[in-house]
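Enquirer: Protein sequences appear in the order of chains U and W. Under numbering that gives the first Met the number 0, the first sequence has 225 at position 226, and the numbering climbs by one with no breaks. Under numbering that gives the first Met the number 0, the second sequence has 5 at position 6, and the numbering climbs by one with no breaks.
Just to be clear, a hint being listed does not mean it is correct.
Said to hold, decoys possible - Short, incomplete list of chain U residues facing chain W, as computed with Cβ under 10 Å:
(1) Thr49
(2) Leu62
(3) Gln66
(4) Thr70
(5) Lys117
(6) Gly154
(7) Asp184
(8) Thr230
Said to hold, decoys possible - Chain W residues, not near chain U, derived (Cβ > 10 Å throughout):
(9) Pro7
(10) Glu37
(11) Ala60
Everything labelled a hint here was simulated from the structure, so no lab data went into it. Using N, Cα and C, we set each Cβ at its ideal position, and we do this for glycine too.
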Amino acid sequence: MPKDGSVVRLDGQGKPLWLVLELTYRCPLKCPWCSNPVDYTRDAEAELSTAEWKRVLREGRELGALQLGFTGGEPLLRDDLEELVAEASALGYYTNLITSAVGLSEERLLALKAAGLKQIQLSLQSSERALTDALVGARAHELKLKVAHMIKALGFPMVLNVPVFRHNIGQVEEILALAEDIGVDYLEFANIQYYNWAMVNRDELLPSLEQLQTAERAVQAARERLGQRMTIYFVIPDYYEGRPKACMNGWGAIHLTIAPDGVAMPCQEARIIEGLDFPSIRDQSLAWLWNESPTFRKFRGDEWMSPTCRSCDEKEKDFGGCRCQAFLLTGDAANTDPACSRSPHHHLITAAIACAHAPGRRVQPLVLRNERNARLLAAAGGCGAAAAADVALAGVEVAHV
Amino acid sequence: MNDTALSPPAAGERYALNPMYLFRWEPTQDSHVLLYPEGIVKLNQTAGDILERCDGQRTVAELVAELQQRYPGDDARVAEGVYKFLEVFRAKGWIRRQA
Ligand SMILES: C[S@@+](CC[C@H](N)C(=O)[O-])C[C@H]1O[C@@H](n2cnc3c(N)ncnc32)[C@H](O)[C@@H]1O
Ligand code: SF4
Ligand code: SF4
Numbered sequence: 000m001p002k003d004g005s006v007v008r009l010d011g012q013g014k015p016l017w018l019v020l021e022l023t024y025r026c027p028l029k030c031p032w033c034s035n036p037v038d039y040t041r042d043a044e045a046e047l048s049t050a051e052w053k054r055v056l057r058e059g060r061e062l063g064a065l066q067l068g069f070t071g072g073e074p075l076l077r078d079d080l081e082e083l084v085a086e087a088s089a090l091g092y093y094t095n096l097i098t099s100a101v102g103l104s105e106e107r108l109l110a111l112k113a114a115g116l117k118q119i120q121l122s123l124q125s126s127e128r129a130l131t132d133a134l135v136g137a138r139a140h141e142l143k144l145k146v147a148h149m150i151k152a153l154g155f156p157m158v159l160n161v162p163v164f165r166h167n168i169g170q171v172e173e174i175l176a177l178a179e180d181i182g183v184d185y186l187e188f189a190n191i192q193y194y195n196w197a198m199v200n201r202d203e204l205l206p207s208l209e210q211l212q213t214a215e216r217a218v219q220a221a222r223e224r225l226g227q228r229m230t231i232y233f234v235i236p237d238y239y240e241g242r243p244k245a246c247m248n249g250w251g252a253i254h255l256t257i258a259p260d261g262v263a264m265p266c267q268e269a270r271i272i273e274g275l276d277f278p279s280i281r282d283q284s285l286a287w288l289w290n291e292s293p294t295f296r297k298f299r300g301d302e303w304m305s306p307t308c309r310s311c312d313e314k315e316k317d318f319g320g321c322r323c324q325a326f327l328l329t330g331d332a333a334n335t336d337p338a339c340s341r342s343p344h345h346h347l348i349t350a351a352i353a354c355a356h357a358p359g360r361r362v363q364p365l366v367l368r369n370e371r372n373a374r375l376l377a378a379a380g381g382c383g384a385a386a387a388a389d390v391a392l393a394g395v396e397v398a399h400v
Numbered sequence: 000m001n002d003t004a005l006s007p008p009a010a011g012e013r014y015a016l017n018p019m020y021l022f023r024w025e026p027t028q029d030s031h032v033l034l035y036p037e038g039i040v041k042l043n044q045t046a047g048d049i050l051e052r053c054d055g056q057r058t059v060a061e062l063v064a065e066l067q068q069r070y071p072g073d074d075a076r077v078a079e080g081v082y083k084f085l086e087v088f089r090a091k092g093w094i095r096r097q098a
């Protein structure tokens, strides 16, 4: 009989417990930190059909997936969203919608509720209308607040996701007040991760250590004040931690992401790693992609690790960090994540911080995520900050904040 | 809503699952699971037995009696176990005391 508190947390046992569907890369907003690929327009016509997504849903459940995220881009741009949610609910998933709120009317919310949608994660970028609108490149702030209240009125559990960077990190108190007013259940301050568009704009977005510490203190105080009424997550910024994040709980351990064109990835960013093959569910079964594909097998376990990580007593804790960040910063995905102070490349992180906060630094406008900038960045050869600076100077559409 | 500061579960109280959570049997895990925004918990058999009965109808005393029937032998230990579990569940926010 009962042993006190012996509630078993779930380990993956080799199953893709979390399935994330990026239904489309299309999006009405233009966030300059967007984690979507910089060349997101490349295969725009290749989006999976309704029937193909349903196949992914079925095969995912057969593999043991339990949590399901519908994301993008903006998933509401797919008019088969309700149909896919209904299918997923019938299959027994816990269905999550991850949205910017644009396109979410009361009618659609009711339809999603009827289809069995379990929870909604809505992103909010600041507590000030003018700042939110400038950052996302559209008049979205008022709409987001309106939709947030609608979501709660319909009784959905709700996560408010706030991507955190230099421009909004000083607004923790104000955002907390907004979240309380809405009645959100989970508030997630997610320090952004520097890939793709965020990497393009890194010098402008990276907050300072002082800013971070102030924000963390505000979060701590709010936790004490609010108790269980609202759960507040503060996703740490790995640039300042000295240790990497336990990225995705390990490569190919419990996370499986399907891109709009059906490509299977261990995480949403993985396609930036050059030299890996990324087959699509159009070519293979989901079971093959998860169990057999060389890409998923590549960084499982610890044999691939650099000596720094393989001999380290913390490798069970963080699995050597993020493969994408290792590739992006050092050119080799098998290296120790440079966010780790034990990495021989850690100086790249300290240099990036120094560069973003150099005295007398010339402030650049943020490069918005849009098709034109995507083309210009591709032409400039990559998504590095240097390429971005050239592009920005060449007069692309920019956000003035 | 925030009932962390309350007294421990008592015999006459009724508990119900927090509506934010989805509790069900999962064949691929051969166990009960609890699904919620950002989380999955696999429950061992006893935890599943107890949560299944947190339906807002049964009193804690009735719940204890059912579990004592299900696990005959040491009634005192079963009762103690149920109370401990309920306290843990409530602290985690999985169940709420009914008014
Ligand atoms: C890529 S968006 C897609 C869904 C929807 N368009 C939205 O913005 O909510 C998914 C989530 O990632 C967050 N996000 C975007 N870029 C990010 C970054 N560089 N680091 C961390 N989170 C990011 C967004 O705030 C959002 O909650
Ligand atoms: S982060 Fe912004 S730009 Fe990217 S998909 Fe979401 S709303 Fe669109
Ligand atoms: S050396 Fe590798 S395993 Fe050790 S803490 Fe750093 S990243 Fe993690």
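Enquirer: Can leucine 62(U) be said to touch chain W, with a Cβ gap under 10 Å?
Expert: Since chain W brings a Cβ to about 8 Å from leucine 62(U), closer than 10 Å, the hint holds.
Enquirer: Double-check aspartate 184(U) for me: the hint is only fine if its C-beta lies closer than 10 Å to a C-beta in chain W.
Expert: 6 Å, holds
Enquirer: Since glutamate 37(W) was said not to touch the interface, does its Cβ keep a gap of more than 10 Å from each Cβ of chain U?
Expert: About 7 Å separates glutamate 37(W) from the closest Cβ of chain U, which leaves it inside 10 Å; violated.
Enquirer: Could you check if glycine 154(U) really has its C-beta closer than 10 Å to a C-beta on chain W?
Expert: 8 Å, holds
Enquirer: Less than 10 Å between beta-carbons is the criterion; does threonine 70(U) satisfy it with respect to chain W?
Expert: 14 Å, violated
Enquirer: Have a go at the glutamine 66(U) hint: is there a Cβ in chain W nearer than 10 Å to its own Cβ?
Expert: Hint holds; glutamine 66(U) Cβ to chain W Cβ min 6 Å, cut 10 Å.
Enquirer: Any Cβ of chain U at or closer than 10 Å to proline 7(W), or is the non-interface label fine?
Expert: Proline 7(W) clear of chain U: closest Cβ-Cβ about 12 Å, beyond 10 Å.
Enquirer: Should the hint that threonine 49(U) touches chain W count as held when the rule is a Cβ pair under 10 Å?
Expert: 25 Å, violated
Enquirer: Holds or violated: is the Cβ of alanine 60(W) farther than 10 Å from all Cβ atoms of chain U?
Expert: The claim holds: alanine 60(W) sits with its nearest Cβ about 16 Å from chain U, beyond 10 Å.
Enquirer: Taking the closest Cβ pair, is threonine 230(U) under 10 Å from chain W?
Expert: 8 Å, holds
Enquirer: With chain W as the partner, please determine if lysine 117(U) meets the hint condition of a C-beta pair closer than 10 Å.
Expert: This hint holds: lysine 117(U) lies near chain W, its Cβ roughly 6 Å from the closest one there, short of 10 Å.
Checked against the numbered hints given earlier, the structure breaks hints 1, 4 and 10 and satisfies all the rest.
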